[in-house]
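Q: Here's the letter readout for the chains.
Number of protein chains: 2
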Amino acid sequence: MRQSQLFTKTRREAPKDEESRNAQLLIRAGFVHKEMAGVYSYLPLGLRVLENIIGIIREEMNQIGGQEVALTALQNPDTWKTTGRFDDAVVDNWFKTKLKNGGELPLAFSHEEPVTNMMRPFIQSYRDLPKAVYQFQTKFRNETRAKSGIMRGREFLMKDLYSFSRSQEGLDAFYEETALAYGRIFDRVGIGTHTYKTFASGGVFSRYSHEFQTICDAGEDIIYIDEGKRIAINEEVFNDEVIVDLGLDRSKLVQKKSIEVGNIFKLGARFSEPLGLKFKDEDGSSKPVIMGCYGIGPGRLMGTVVELLSDEKGLVWPEAVAPFQVHLLSLGADEGAEKVYKALTDAGIGTLYDDRPESAGIKFAESELIGIPCRMVVGKRSIENGMVEVKNRTSDESVMVPMDNLEGYFPAKR
Amino acid sequence: MRQSQLFTKTRREAPKDEESRNAQLLIRAGFVHKEMAGVYSYLPLGLRVLENIIGIIREEMNQIGGQEVALTALQNPDTWKTTGRFDDAVVDNWFKTKLKNGGELPLAFSHEEPVTNMMRPFIQSYRDLPKAVYQFQTKFRNETRAKSGIMRGREFLMKDLYSFSRSQEGLDAFYEETALAYGRIFDRVGIGTHTYKTFASGGVFSRYSHEFQTICDAGEDIIYIDEGKRIAINEEVFNDEVIVDLGLDRSKLVQKKSIEVGNIFKLGARFSEPLGLKFKDEDGSSKPVIMGCYGIGPGRLMGTVVELLSDEKGLVWPEAVAPFQVHLLSLGADEGAEKVYKALTDAGIGTLYDDRPESAGIKFAESELIGIPCRMVVGKRSIENGMVEVKNRTSDESVMVPMDNLEGYFPAKR
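Protein chains in written order, with the numbering used here: chain E, 343 to 756; chain G, 343 to 756.
Just so you know, these hints were derived from the structure itself, not from any lab. Incorrect hints may have been included.
A pair holds if it fits inside one copy or across any two, identical chains being indistinguishable in the list.
[Stated by the list, open to error] With a straight-line cut-off of 27 angstroms between C-alpha atoms, the simulated DSS-like cross-links for lysine-lysine are:
(1) Lys351 <-> Lys722
(2) Lys622 <-> Lys423
(3) Lys622 <-> Lys705
(4) Lys722 <-> Lys655
(5) Lys438 <-> Lys423
(6) Lys622 <-> Lys351
(7) Lys489 <-> Lys539
(8) Lys571 <-> Lys620
(9) Lys598 <-> Lys733
(10) Lys438 <-> Lys489
(11) Lys684 <-> Lys423
(12) Lys376 <-> Lys620
(13) Lys351 <-> Lys705
Everything numeric in this text was worked out from a predicted model, so none of it was measured.
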């Protein structure tokens with residue numbers, strides 16, 4: 343894409359009312375727009391990153407047999423009354439609205455109730471199990487504080503997957519499979535080495551749930567990590583009994599601030615029992631379906647990448663999620679740059695081409711703020727020798743690459 | 343995909359509370375789930391159709407220079423108060439909710455206000471124009487009646503594009519370009535021949551707006567069409583003055599019921615003026631940006647395809663939007679069918695493979711209800727001769743195709 347066509351512009355200063363580093367940088371670089379506290383729109387560059395993250399999550403969810411659906415934001419109150427979660431005293435972050443002809447209409451902060459209800463016509467027999475269903479859907483949460491940028495929104499996108507099993511053993515097996523898929527997602531997005539599978543509070547149906555926590559000072563959580571075993575305990579369940587139960591050694595655990603980038607939870611029959619999602623087992627008996635739920639917020643993941651990887655010059659995107667693979671800058675050498683742009687585009691390499699009549703200083707600074715992993719500079723002198731200057735965003739050194747070998751410079755196309 | 347894995351099932355009867363034919367069929371075939379009146383979730387087959395429609399619209403919007411963004415549902419009330427549209431007496435279908443710490447928070451029924459406001463930092467000079475921005479975003483409308491299935495929802499997906507021009511002439515040119523793109527979209531989705539560009543009421547900045555109306559008895563609109571000129575007049579502006587103005591002949595106009603599948607509207611400075619979206623023109627003067635807005639509801643489009651093309655046996659999907667290209671049925675010949683399934687999948691042909699142990703009668707009936715354009719049947723006898731029976735959904739006759747020539751049978755892969 344030609345940068346002269348892109349409607350967004352970068353800015354030197356972040357808006358004064360924005361406290362979080364991720365939103366400050368993303369707004370300055372033109373990736374998101376702040377509508378109000380906790381409510382952000384995605385601009386073209388930001389939407390590209392978000393879509394790349396969604397694509398990675400979708401691949402991994404399909405890989406474990408997930409089938410994609412799209413539920414609604416508006417909720418039937420009856421379903422939530424049945425499980426006891428309609429009451430504001432039970433769930434304290436509801437947004438509720440009203441139908442014209444009367445009747446309160448809540449906006450989903452999560453989708454356990456509607457997905458359980460939706461599955462009823464489709465699960466009758468043990469032969470219909472197991473199944474897994476997921477979606478990317480907007481959640482609405484009436485947060486009192488929303489000061490973490492795109493990491494904690496009042497309105498945000500969530501990937502939520504729900505599993506439906508015949509037995510606790512079936513759930514346990516799928517739960518472990520999903521945990522592995524989550525690990526692959528965080529690796530692919532570029533935060534794997536900083537992310538720990540963390541024991542957190544469970545419910546009636548299992549002692550623990552698990553969170554995936556990324557070590558980061560911008561995080562709102564406190565965890566205790568065992569570096570060697572690569573697991574952690576959330577502060578909320580951190581006590582001697584749990585440490586012993588997990589076979590850990592208190593002296594080896596290190597306290598860290600962290601961001602919860604995913605969670606997985608065994609629901610058991612918590613929702614299937616009250617909502618009547620039952621199946622006939624092989625022996626003819628009627629049993630509630632055993633459920634699990636598994637969440638990742640693509641926006642929060644994007645915010646975490648920003649918090650973790652950006653530097654004093656700006657954003658730093660890992661290859662797999664970057665809005666473009668190459669940022670091509672023409673420094674008064676448009677004729678040569680056009681050729682390079684065509685060569686890259688023909689080779690299927692996503693390229694943002696800075697074809698604007700700006701100074702080298704502005705182009706370099708903006709390129710570092712935007713954070714595309716590979717920068718290519720076409721200057722008057724170098725292009726006369728058929729050479730392009732190539733630099734990685736995180737490197738201080740550039741290399742000269744022959745113009746006719748640029749394609750070979752890239753391992754993967756996207 | 344193997345049908346034995348698909349979590350949805352078809353049903354013989356539509357739910358009794360569902361009045362609309364599109365939702366009745368889509369629910370019976372397992373494409374959508376009704377949460378409540380005017381609120382539908384998309385199941386895997388339905389989501390595939392919706393995504394195909396979205397993909398076609400996205401291609402055409404990119405083609406005319408649209409840049410994709412994603413705005414939010416929650417709205418900053420101030421922006422809407424500035425334009426005078428916050429008041430329930432002015433806009434009668436708002437859904438509004440409340441922030442925990444007080445303050446009314448409306449849910450967007452449209453996005454003119456936030457998009458105008460969002461563009462302010464990015465448009466300062468005539469050099470920044472023209473620009474076009476679009477999104478696929480959920481709209482919330484507090485409809486009193488919601489009886490048209492997925493064609494009129496209280497919550498529904500909308501593609502809305504907004505254009506930003508330097509002058510009325512710039513807007514006029516882009517408006518015509520978009521009208522042509524809309525024509526291509528309706529052609530590609532399979533309803534082009536039934537769809538008329540229709541003159542409807544305009545606003546302060548132009549005498550008419552235009553709707554794209556698809557002739558269909560399930561429609562809520564009344565239009566008067568000129569078959570020869572392929573244009574129409576909406577009932578709301580149908581009078582002698584308009585007929586003369588458009589150079590039409592009353593005796594040649596035929597009254598029809600129709601579905602509004604798209605609309606385009608010249609906004610002029612209606613929103614840019616109050617919200618201060620101004621630019622400095624070449625002569626140094628400050629002028630409001632001249633805007634247009636252009637909407638298509640992908641869900642309504644899907645509902646229109648159902649209303650228009652389905653028959654007494656069930657759904658009929660045009661190739662370009664079908665959830666799969668081929669519905670492969672094994673009639674007790676799984677070994678052969680597996681080979682065909684592999685061959686089709688390897689060739690990149692999207693295939694739903696009915697590998698379930700059901701009777702031929704059930705498989706045939708369900709296949710017609712689901713409406714995939716090409717049905718392939720592998721029977722015991724035919725496969726012994728290396729032949730597969732191929733039938734189009736809309737044809738009564740089938741042909742025998744050699745198993746090793748199935749790929750060649752398809753003009754296009756998807």
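Q: What hint numbers does the structure not satisfy?
A: 8, 9, 11
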